[in-house]
Every structure is written in structure tokens, then in C-alpha cells.
Amino acid sequence: AQKITQTQPGMFVQEKEAVTLDCTYDTSDPSYGLFWYKQPSSGEMIFLIYQGSYDQQNATEGRYSLNFQKARKSANLVISASQLGDSAMYFCAMRPFYGGATNKLIFGTGTLLAVQP
Amino acid sequence: SAVISQKPSRDICQRGTSLTIQCQVDSQVTMMFWYRQQPGQSLTLIATANQGSEATYESGFVIDKFPISRPNLTFSTLTVSNMSPEDSSIYLCSVDSPPDRDNYYGYTFGSGTRLTVV
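Chains A and B, in that order, are what the protein sequence lines are.
For the first sequence, the working numbering gives the first residue as 3, with consecutive numbering after it.
For the second sequence, the working numbering gives the first residue as 1028, with consecutive numbering after it.
Please keep in mind that the hints were generated in silico from the structure rather than gathered at the bench.
Hints are supplied without guarantee of correctness; some may be wrong.
Said to hold, decoys possible - List time: in silico BS3-like cross-link candidates among lysine-lysine, alpha-carbon distance up to 25 angstroms:
hint, chain 1, residue 1, chain 2, residue 2
1, A, Lys72, A, Lys106
2, A, Lys106, A, Lys5
3, B, Lys1034, B, Lys1092
4, A, Lys106, B, Lys1092
5, A, Lys106, A, Lys75
6, B, Lys1092, A, Lys75
Just chain A, same shape as in the assembly (with noise of 0.2 angstroms):
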């Protein structure tokens, strides 16, 4: 079964400091993708990054940096200075790219982050 886990319900982190956001997934296709959403409490969904299960290097947008270690299964979305507009909901998801689900988006619970000044 496909499936992604996020064992973080909420964060809190220093204005300007790093944060990790925690998210481990379980599939048995060879070829998928790897995503991370922002949500604020406007509801919107926010892409911020992606990582192919083929790319060698992490991806990296901005601020943003996802940390992806295949054997182990896990994609971290690391936020760098953290900004207070950074307070939102995080989303990992993952999309097959064989097999009966492709195209569909599978979401983690997400992780609730709250950055202090």
C-alpha cells in the first residue's frame, strides 16, 4: 500500500533559525514523485518543491531544501531562516508513476508550523 506518514503534528521554531519537517513514505513502485505543500490558514495549497525518485541530487528552492535519503524512505522539507510568514500547514505527498494510481496525489496528516519572533 502506498502511503505517507508525517509524525509531526505541530513544530514551533525561531524566527531565523532552521526547521526539519519530518516525512517517511512507503510504495513499492521504482518511479515516483516526491512533494511538499504549504497551506495557511487561507487554505490555499502552496507547491514548494519536488524531488524525482531518479534524481541524484536533493532539490533545493530558495529557503527550501528536501532532504531525501531513498533507502530509508524518507523526503524532510528543511526551511532555512525561518520567516514568520512561514506559520502554515506542511504537506508531503507522493505521486506514482506506475500501476493503477499514477497521477494521483497521496498526502501525509501534515505538520502544523509555527514560527515565534
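Given chain A's structure and the hints, the job is docking chain B onto it.
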């Protein structure tokens, strides 16, 4: 990446009534996805809408409750029928953005419809 306009942004509805949510994409896309996010929960896929064919529903969701239309490659609607308070959720539509050169922007979501059923 694609831009999606979703309407309405929020609504308060009486139980037993129906609400139709619209999503307009600024480019042609093969598949559109409809998600439900119940309060404090993650996103759950309701169905996948292909133009010219019946939508494909996920386990636990049925067409009579969530009829979907997909008249062309840029537009789709989701109707929440015969609503009850348990239908109070955020509903989001989504499309997969094709890679732009070396960049992949992932799935794009509409701004969501926050539905409250009273």
C-alpha cells in the same frame, strides 16, 4: 505553471441543498482532480475528471453525491448534493502542471471552496 480560478471561495448552505463549485484553468489540461479536506484533516481525492468521459471516483465517493462535469479541457464543476453538516469541508480542484524546461512546478491547486452546511 497553470493558474486555476475556483469559485465560490466560501459558502454557507442549508442541509438538503446542493452547491456547484467551478474551476477554470488558464490552459488545456487532460485531467482535473477534485479533493476534499475535512476540518483539521489532510486532503482526500474525490475523483479524477477527464474531458469526454465519466469521472473516476475514489473509494467512498459516489457520483450521485458528487456529480462532476468536464465539458472541455479548461473547465470542470463539482456538485455537492443533498448536503449534510458532515459535508462541511474545503473542496479543492487541482491540475498537474507540465514541466517547464528544467522546472517542474507540481500540481497546481485552486484557492479552495470553504463550505459550511448548517
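Hints and how they fare:
1. Between Lys72(A) and Lys106(A) the CA atoms are separated by roughly 20 angstroms; this keeps the pair inside 25 angstroms, and the hint holds.
2. For the hint linking Lys106(A) to Lys5(A), the alpha-carbon distance of about 12 angstroms falls within 25 angstroms, and the restraint holds.
3. About 19 angstroms separates the Cα atoms of Lys1034(B) and Lys1092(B), which keeps this hinted pair within 25 angstroms; it holds.
4. Among the hinted pairs, Lys106(A) with Lys1092(B) is consistent with the structure: their alpha-carbon atoms are about 21 angstroms apart, no more than 25 angstroms.
5. Between Lys106(A) and Lys75(A) the CA atoms are separated by roughly 19 angstroms; this keeps the pair inside 25 angstroms, and the hint holds.
6. Restraint check for Lys1092(B) and Lys75(A): the C-alpha separation of about 37 angstroms exceeds 25 angstroms, so the hint is violated.
The structure shown violates just one earlier hint, number 6.
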